[in-house]
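K.L.:
Sequence:
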Amino acid sequence: MAIAKTIEIVASSAVGVEAAVKAGVAKVSETVKNIQGVWVKDVKGVVSDGAITEWRVTMAVTFVVD
Numbered sequence: 003m004a005i006a007k008t009i010e011i012v013a014s015s016a017v018g019v020e021a022a023v024k025a026g027v028a029k030v031s032e033t034v035k036n037i038q039g040v041w042v043k044d045v046k047g048v049v050s051d052g053a054i055t056e057w058r059v060t061m062a063v064t065f066v067v068d
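So that you can map any letter, position 17 of the sequence shown is 19 in the working numbering, and since no number is skipped, the others follow by simple counting.
Hints in this document: simulated from the structure, not taken from any laboratory. As the structure is a prediction and not an experimental result, all values here were calculated from the model. Don't take each hint at face value.
Heads up, simulated DSS-like pairs for lysine-lysine below, C-alpha to C-alpha not over 25 Å straight-line [unchecked claim]: (1) K46 <-> K29; (2) K29 <-> K43; (3) K24 <-> K7; (4) K43 <-> K7; (5) K35 <-> K7; (6) K24 <-> K35; (7) K46 <-> K24; (8) K7 <-> K29; (9) K24 <-> K43.
Could you build all of it, start to finish, from the sequences and the hints given here?
P.N.:
See below:
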């Protein structure tokens with residue numbers, strides 16, 4: 003039987019939402035092993051002078067516990 007755990011993280015990127023998700027997963031995978039999936043729970047844009055300057059994603063990362 004496998005046991006899974008979920009953690010919530012926030013990641014950002016000036017490029018776009020997909021880049022923010024990939025950056026978040028890459029950073030978490032430096033210390034967390036056996037990542038099985040990610041659920042993007044929220045997306046926010048930071049606006050400056052009428053333009054989006056940064057995308058922020060809140061996501062749940064699920065991994066299997068050894």
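K.L.:
Verify the proposed pairing of K43 with K7, using a straight-line Cα cut of 25 Å.
P.N.:
16 Å, holds
K.L.:
Would the pair K24 and K43 pass a check requiring their Cα atoms to be no farther apart than 25 Å?
P.N.:
Between K24 and K43 the Cα gap is close to 15 Å, so the pair holds against 25 Å.
K.L.:
Is K35 close enough to K7, meaning Cα to Cα at most 25 Å?
P.N.:
This hinted pair holds, its Cα atoms lying about 11 Å apart.
K.L.:
Are the Cα atoms of K7 and K29 separated by 25 Å or less?
P.N.:
17 Å, holds
K.L.:
Check the hint pairing K46 with K24 against an upper bound of 25 Å on the C-alpha distance.
P.N.:
16 Å, holds
K.L.:
With the threshold set at 25 Å, check whether the alpha-carbon distance from K24 to K35 stays at or below it.
P.N.:
16 Å, holds
K.L.:
Taken at face value, is the distance from the CA of K43 to the CA of K29 at most 25 Å?
P.N.:
18 Å, holds
K.L.:
If you draw a straight line from the CA of K46 to the CA of K29, is it 25 Å or shorter?
P.N.:
19 Å, holds
K.L.:
Does the structure keep K24 and K7 at a Cα separation of 25 Å or less?
P.N.:
20 Å, holds
Figure legend: structure checked against the earlier numbered hints; every hint is met.
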